[in-house]
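Whole structure, please, built from the sequences with the hints as guidance.
Protein chains: 4
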Amino acid sequence: MPIRAVVWNEFIHERENETVRGIYPDGIHETIAAALRDDGQIEASTASLDQPEHGLPAERLAETDVLLWWGHKAHGAVDDTVVERVVERVWQGMGLIVLHSGHFSKAFKRLMGSPCSLRWREAGERERVWAINRSHPIAAGVGDSITIENTEMYGEPFLVPEPMETVFVSWYQGGEVFRSGLTYQRGAGRIFYFAPGHETYPIYHDATVQTVLRNAVRWAYNPAKPWADVAQAPNVPVDKAPEKIEKRGGSLHAKGEEGFR
Amino acid sequence: MPIRAVVWNEFIHERENETVRGIYPDGIHETIAAALRDDGQIEASTASLDQPEHGLPAERLAETDVLLWWGHKAHGAVDDTVVERVVERVWQGMGLIVLHSGHFSKAFKRLMGSPCSLRWREAGERERVWAINRSHPIAAGVGDSITIENTEMYGEPFLVPEPMETVFVSWYQGGEVFRSGLTYQRGAGRIFYFAPGHETYPIYHDATVQTVLRNAVRWAYNPAKPWADVAQAPNVPVDKAPEKIEKRGGSLHAKGEEGFR
Amino acid sequence: MPIRAVVWNEFIHERENETVRGIYPDGIHETIAAALRDDGQIEASTASLDQPEHGLPAERLAETDVLLWWGHKAHGAVDDTVVERVVERVWQGMGLIVLHSGHFSKAFKRLMGSPCSLRWREAGERERVWAINRSHPIAAGVGDSITIENTEMYGEPFLVPEPMETVFVSWYQGGEVFRSGLTYQRGAGRIFYFAPGHETYPIYHDATVQTVLRNAVRWAYNPAKPWADVAQAPNVPVDKAPEKIEKRGGSLHAKGEEGFR
Amino acid sequence: MPIRAVVWNEFIHERENETVRGIYPDGIHETIAAALRDDGQIEASTASLDQPEHGLPAERLAETDVLLWWGHKAHGAVDDTVVERVVERVWQGMGLIVLHSGHFSKAFKRLMGSPCSLRWREAGERERVWAINRSHPIAAGVGDSITIENTEMYGEPFLVPEPMETVFVSWYQGGEVFRSGLTYQRGAGRIFYFAPGHETYPIYHDATVQTVLRNAVRWAYNPAKPWADVAQAPNVPVDKAPEKIEKRGGSLHAKGEEGFR
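Residue numbers (the UniProt record's numbering), protein chains in the order written: chain A, 1 to 261; chain B, 1 to 261; chain C, 1 to 261; chain D, 1 to 261.
Hints should not be assumed to be uniformly reliable.
When chains are identical, the list treats them as one kind, so a pair holds in a single copy or across two.
[To be verified] Straight-line Cα separation of at most 30 Å, DSBU-like style, residue types lysine-lysine; simulated pairs:
id	residue 1	residue 2
1	K106	K244
2	K240	K225
3	K225	K106
4	K73	K240
5	K73	K247
6	K247	K225
7	K244	K73
Calculated from the structure, these hints are not laboratory results.
Written as structure tokens, this is what we have:
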């Protein structure tokens, strides 16, 4: 059974900015989706901000295994209801790949619990993305490093939690470094942040970048059944305790009462 | 210079429930604050839900080094503005000690980015809190384990991110286990979650539990100057790049323009 | 292509102790190998201490994807040459599943860099193995917990490094807890430690324990080409630097000279 | 009470190589020890390879709180007995600061359990050491980054386990990156690896590098009583179990017998 990936894109700069449109005439999402389809295991569709519910109604998210997220200038326009829906699906087990300026998306900030801030410079300088965890499945086929001739610099400190794994670290011509490939788990969901992808350069047309995206989708895919009640805190009644015990001492809750939230 | 700790308490059950009032006549916060004051280095004050801005106006938080949080039935009543203020102060470097049912507090859930759910049972059963990282500063003076004769069971799975360090793991008479002492960093702030503390049992009167709280405050204290702009993403202008570079390629931003959020 | 697993067993107690022989007449290794073969993807063979090179000559290890290790009373009898061979194959990408008393095996101690000590008691008491990272691939199909009616107690503190992931935590009838399922990466190799498996009880006949072992083999398998020179520290000559630079300042090494070790 | 630090140095290049002698006429160890003494809390002494037991007899190590290690060409000449002694003291709680080429020292490789390999180039190029965890105590007073005008390049992949914390990441003029400041815990001991320090450049004379070293010593210091039996695996007799249990089922060990190793 194929992995069902949805590529979400803000899809604004491709319409407003001639440079970006020249690089991604159908939008960044279509370029990425096409790259994912080159993987026999992945079935990729797209969604964008201007669609009803931003193209992410509950029924569609329920059938999404891995969501890829590209946004930049309109993070604030993403509806909080949709954001919470995405966050809860991640907790239930949906994979999430956050791309480039998505570091400031509402969903990523919610899932990290940290500012997700960084330093930046748009100078078209050179970036070298080093595979520091070279045997990690996301780095398969990458070799030592990816050279991106024109990039936007993203510099440390990057205010995210210490990751589960640091897969890539980037070098920039102007003198900075950045942890450009990081893995996390939140609830049952796996998250991968990947820094390259500024829209004024043809980064998602790069064959090795496309390999990373395909690897990441496969890595983030959790075949387990969605954990529907992952956010619930069920009571374990005294008579259902694994070991036989008897109730003692004071109490707040009447028998069978729900816990507080 | 002493560490300035503030003990925040919902302070409802002590007024509504006779059992709880009998154990904490002045409120859980006053018992904890008194315990912290036994440490020569800590200067402890208190705050509660019913005070203006829940006792946590911006000026006070700005002068708080470590905040301890106890809440249970009224998480929803905590104003979102105050929650965001607490979260931002943690990012800037304030320590945060989250106690017991505070696992479901708005601030903790915001900082974890995960559901923070668990299983529970109020049966007054026995808990053994094992110091699994026995040499950690938070476990100093604890010995092998703390026995809590009457406790509320908190059971795994506990839906928090993989911690920086697992300091305590609890055993319960009824058959469950729980990671009851966990450390995290978010932004510049250190966070410690400590599970024991159900209000119907005199847990914060226990001498060793008090030792843990004092240790935790000292551990969470970050003497660095608050990182005021921790959530900002400043541009590094091309002519301020550490290494001399020249601008190339396409661009989105006019010179000196702010980045998107 | 199947995953090539080798189950290594000390294979002493099954010959010397009647109780153990009654449970594992062909040895623990054969019971585990049979369980692995129930997985269509795994091709399992066995090796033991008494064979030449303990059944692990270099050529065989080179064709092993995942090694499972069970040892107890004869850790000291394992030849250091074979231990180093195993360790290097892990660094190159071979998966390693360390079982029960294997916590004190030479290879595991070498790979952890820590004492790997713990507390223990052989009382046939009950163990509950809680899946605390329930969505982890190693916990697939396990449910909330595994009940092992008779077990050897392994108690914290367990002197291993903070793991990449804590998958299982065990509860014991006698009052202790233990992190009983832990993941690590060393070099390109993935390591899983799994505590249950005392030889005087029929633990590896348990269907859910067998599920864990199959899951673990699949998880530990790294399809990447072995990283043959993982322990080498190659010089990058000045004229091969990714960015053009010129040699400056003092030097220790003549051109083309090897680095020190 | 002051922190008792010992700076260990191979002390060969300062005698054999004129460039190195010019920079460190009394040896790297004396320069570092002098820098540590500028911290009112640290009492620093030195030891070197050519001394009896390399200057590290058991009695001295027993009174050492933090050991700093600089070695390069003579790792193989360090006696295995002394190495094991150092490793065991770390497990008991001694801090260890491993400097530069010490990545290939026997003690560091033992404690990491991984190859500790990397790429290198001695070209006197520029290094920028970025403080990526800027609020970490080891980075106090460092600011954004340290510029080292002439350095030896150390490049990723660096084959060490995923660290507890990544404090520094370095940028090199020639195009590489390196995780140059990493923290670990092994047993009760804290370990900090710090990459800068090639002997043909005056790196340990840099004021900010000296600040890092002082910070690191204070961070690595564990005030807890040494954990003397950290590597032991004591039996917990059935009648000493925290909860009352009775022995059941088969057994390997006679009553009171030691466990196997």
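Tested hints:
1. In this homomeric assembly, K106 and K244 never come within 30 Å of each other (Cα to Cα): the closest approach is 46 Å inside a single copy and 34 Å across copies.
2. When the C-alpha separation of K240 and K225 is checked against a cutoff of 30 Å, the pair qualifies only within one copy, where the shortest distance is 25 Å, while the shortest distance between copies is 43 Å.
3. For the identical chains of this complex, K225 and K106 are neighbours both inside a copy (26 Å) and across copies (28 Å), given an alpha-carbon limit of 30 Å.
4. When the C-alpha separation of K73 and K240 is checked against a cutoff of 30 Å, the pair qualifies only between copies, where the shortest distance is 24 Å, while the shortest distance within a copy is 52 Å.
5. With identical chains, the CA atoms of K73 and K247 are at most 30 Å apart between copies only, with a shortest distance of 22 Å across copies and 56 Å within one.
6. For a Cα distance limit of 30 Å, the shortest separation of K247 from K225 qualifies neither inside one copy, at 35 Å, nor across copies, at 40 Å.
7. Within a single copy, K244 and K73 get their C-alpha atoms only as close as 58 Å, which misses the 30 Å cut-off; across copies the closest is 28 Å, which meets it.
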